[in-house]
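Novice: Here is what each chain is made of, one letter per residue.
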Amino acid sequence: MKDKKKRIVVRIEIATISDSNEKLDRKKMDRLAMVLSNLQNSGKQLILVASGAIALGAEKLKLDQQPGSFIEKQATAAVGQAELIKHYQRYFDEYNQIVAQVLLPSDIIDNPVRMQNARNTFDTLFDMNIIPIVNENDAVSTTDIELDDNYPLALNVAKIVQADIILIKLDTNGKFLILPKGQKKAILVNDVYDLFEKINTLPASPNSVNLYKSDYPASINEILY
Amino acid sequence: MEYRNTLKYKKRIVIKIGTSTLSYLNGRLNFQLVEKLAKVLSEIKQRGIQIVLVSSGSIGIGAGRLGLTAKPDKLSKKQALAAIGQAELIKIYQKFFENNNQIVAQVLLTKDIVTIPGRQKNAKNTLKKLLSMGIIPIINENDTIATNEIEFGDNDTLSAHVAELISADLLIMLSDINGLYSADPKTESSARIIHTVHEITPQIEKIATDSGTSFSTGGMSTKIAAVKISSKANINTVITNGSDPAVVFKILDGEKIGTLFLAKSGKLIKNKVVNKD
Chain B
1 MKDKKKRIVV RIEIATISDS NEKLDRKKMD RLAMVLSNLQ NSGKQLILVA SGAIALGAEK
61 LKLDQQPGSF IEKQATAAVG QAELIKHYQR YFDEYNQIVA QVLLPSDIID NPVRMQNARN
121 TFDTLFDMNI IPIVNENDAV STTDIELDDN YPLALNVAKI VQADIILIKL DTNGKFLILP
181 KGQKKAILVN DVYDLFEKIN TLPASPNSVN LYKSDYPASI NEILY
Chain A
1001 MEYRNTLKYK KRIVIKIGTS TLSYLNGRLN FQLVEKLAKV LSEIKQRGIQ IVLVSSGSIG
1061 IGAGRLGLTA KPDKLSKKQA LAAIGQAELI KIYQKFFENN NQIVAQVLLT KDIVTIPGRQ
1121 KNAKNTLKKL LSMGIIPIIN ENDTIATNEI EFGDNDTLSA HVAELISADL LIMLSDINGL
1181 YSADPKTESS ARIIHTVHEI TPQIEKIATD SGTSFSTGGM STKIAAVKIS SKANINTVIT
1241 NGSDPAVVFK ILDGEKIGTL FLAKSGKLIK NKVVNKD
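Sequences listed follow chains B and A, in order. Mapping the first sequence onto this note's numbering, position 27 (from 1) lands on 27, and the numbers just tick up by one. One rule links them: number in this note's numbering = place in the second sequence (from 1) + 1000.
In short, the hints are calculated from the structure, not lab data. Treat the hints with care, as some may be off.
What the hints assert, rightly or not - Below, in silico cross-link-like pairs of lysine to aspartate or glutamate (EDC-like), each with a Cα-Cα straight-line distance of 16 Å or less: (1) K86(B) to E1098(A); (2) K6(B) to E197(B); (3) K23(B) to D64(B); (4) K86(B) to D30(B); (5) K23(B) to E59(B); (6) K1011(A) to D1253(A); (7) K28(B) to E13(B); (8) K60(B) to D25(B); (9) K1039(A) to D1244(A); (10) K1264(A) to E1199(A); (11) K1121(A) to E72(B); (12) K1074(A) to D123(B); (13) K1010(A) to E1043(A); (14) K1074(A) to D127(B); (15) K1010(A) to D1253(A); (16) K62(B) to E1098(A); (17) K1232(A) to E1199(A); (18) K60(B) to E1098(A); (19) K28(B) to E94(B); (20) K1128(A) to E72(B); (21) K159(B) to D123(B); (22) K1091(A) to D93(B); (23) K1111(A) to D107(B); (24) K1011(A) to E1043(A); (25) K1036(A) to E1098(A); (26) K1124(A) to E72(B); (27) K1095(A) to E1035(A); (28) K44(B) to E197(B).
Claimed, not checked - The following residues of chain B were derived to be distant from chain A, with all beta-carbon distances above 12 Å: (29) A15; (30) M34; (31) Q66; (32) P152; (33) L202.
Small disclaimer: the values here were computed from a predicted structure and weren't measured. Even for Gly, the Cβ is constructed at its ideal location relative to N, Cα and C.
Using the sequences plus the hints, can you model the full thing?
Specialist: What follows is the structure, given as structure tokens:
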């Protein structure tokens, strides 16, 4: 029987992996790769929803400021996505963990064929013990890119893979916020060890139709900071 | 020869490179070839020519990453390998282009860019913006959400659509064949390369079908189908062997390399600069 708490969507914001100057923080990146590779090693199936392509693209292009227009954002994202996936590969490689890149259109949920395709790809990657790193396909997106707001994408991915848990906010300083399927409130987790404990002792998720709360939990920032 | 001379003045070029050219027979990536390709394309860009690279190879590289020896048959397995391999592929391109101080971008496309006008405009804008920023976009099909039935299926077709999308003035397909032969060179000793094709007639299509099909996903027939798209869009196409990427320099010098398929209207011949020659 399928372990009820096996699939975890981890949402990563650029802040999760950058320092106070908005540059990639090597220590945080390394820590993140370690924690997630370890979760994967423990038998969980992880899927990362990682934003930051625009920020990394702007850094790569040595832009003085974040790109303003839609078209500039898209071009910067195309440069930055290549950087983003390169960094993830390098850091996960240190923990012997292979990753894959999956870029989804924002309307994937409206296209049953594409959605089934994405699901098949994810399932196969899970079987191969690979961590998919998902982002929106910003370079060809037709709706304006919201800087670093990948929560809707994380929800869509959770629906596609029928994840048991969404790890909403991940703070490498040691605090986590998890949203189990069918639960209305996110749970605050204090550190990595607590994270393992919480994930493993969560009650089995109810077969609720409304799987994930579609909005941010109201008190997300309150809980964290 | 004057047809070839027009190639000296091209300003926006789409280069397509296939799996069989990028990798060894065992499917593993040929780093030396990628290194050379990056060097050649970076230099051409330095001359003020805009370059878009359409590159295959993600599935083979994904298989190599996992140490698989056999190519997968199942679609979902191919898609999974493509997701792994594309990440590797773009990392390797970044590295080699960076050695030449050239920034690249990754753009993964689906057939939406042909069928949905909004998406088409969008992809066009992004690509043109990247080109204006001096970046070389590296394009592949977004395999993880594509299916055989509804998508491009091969990068020959994709490259022709991309060329049309950005109004390129030349498409160069680098593959493991030297060009279009008059007959199958493996069996007919009299077979020779047809250097110029003015129009894709049923006879040309027949030659393409007969002259060998053992070339990875896109055989000559697929290439001819792609050329129909580029030709109709008024874009000249050259098909040649890419085992030495420096061949692109020669093509742009007007040398008689591979097969040149002329654009439908022949309009490009009226190029002002050419008339001076």
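Novice: If a hint holds in the structure, say so; if it doesn't, say that too.
Specialist: Going down the list of hints, with the structure as the test:
no., hint, result
1, K86(B) to E1098(A), "holds, 13 Å"
2, K6(B) to E197(B), "holds, 13 Å"
3, K23(B) to D64(B), "holds, 13 Å"
4, K86(B) to D30(B), "holds, 14 Å"
5, K23(B) to E59(B), "holds, 8 Å"
6, K1011(A) to D1253(A), "holds, 13 Å"
7, K28(B) to E13(B), "holds, 12 Å"
8, K60(B) to D25(B), "holds, 15 Å"
9, K1039(A) to D1244(A), "holds, 12 Å"
10, K1264(A) to E1199(A), "holds, 7 Å"
11, K1121(A) to E72(B), "holds, 15 Å"
12, K1074(A) to D123(B), "holds, 13 Å"
13, K1010(A) to E1043(A), "holds, 15 Å"
14, K1074(A) to D127(B), "holds, 14 Å"
15, K1010(A) to D1253(A), "holds, 10 Å"
16, K62(B) to E1098(A), "holds, 15 Å"
17, K1232(A) to E1199(A), "holds, 10 Å"
18, K60(B) to E1098(A), "holds, 11 Å"
19, K28(B) to E94(B), "holds, 14 Å"
20, K1128(A) to E72(B), "holds, 11 Å"
21, K159(B) to D123(B), "holds, 13 Å"
22, K1091(A) to D93(B), "holds, 13 Å"
23, K1111(A) to D107(B), "holds, 15 Å"
24, K1011(A) to E1043(A), "holds, 14 Å"
25, K1036(A) to E1098(A), "holds, 13 Å"
26, K1124(A) to E72(B), "holds, 13 Å"
27, K1095(A) to E1035(A), "holds, 9 Å"
28, K44(B) to E197(B), "holds, 13 Å"
29, A15, "holds, 23 Å"
30, M34, "holds, 19 Å"
31, Q66, "holds, 15 Å"
32, P152, "holds, 17 Å"
33, L202, "holds, 28 Å"
Of the numbered hints stated above, none is contradicted by the structure.
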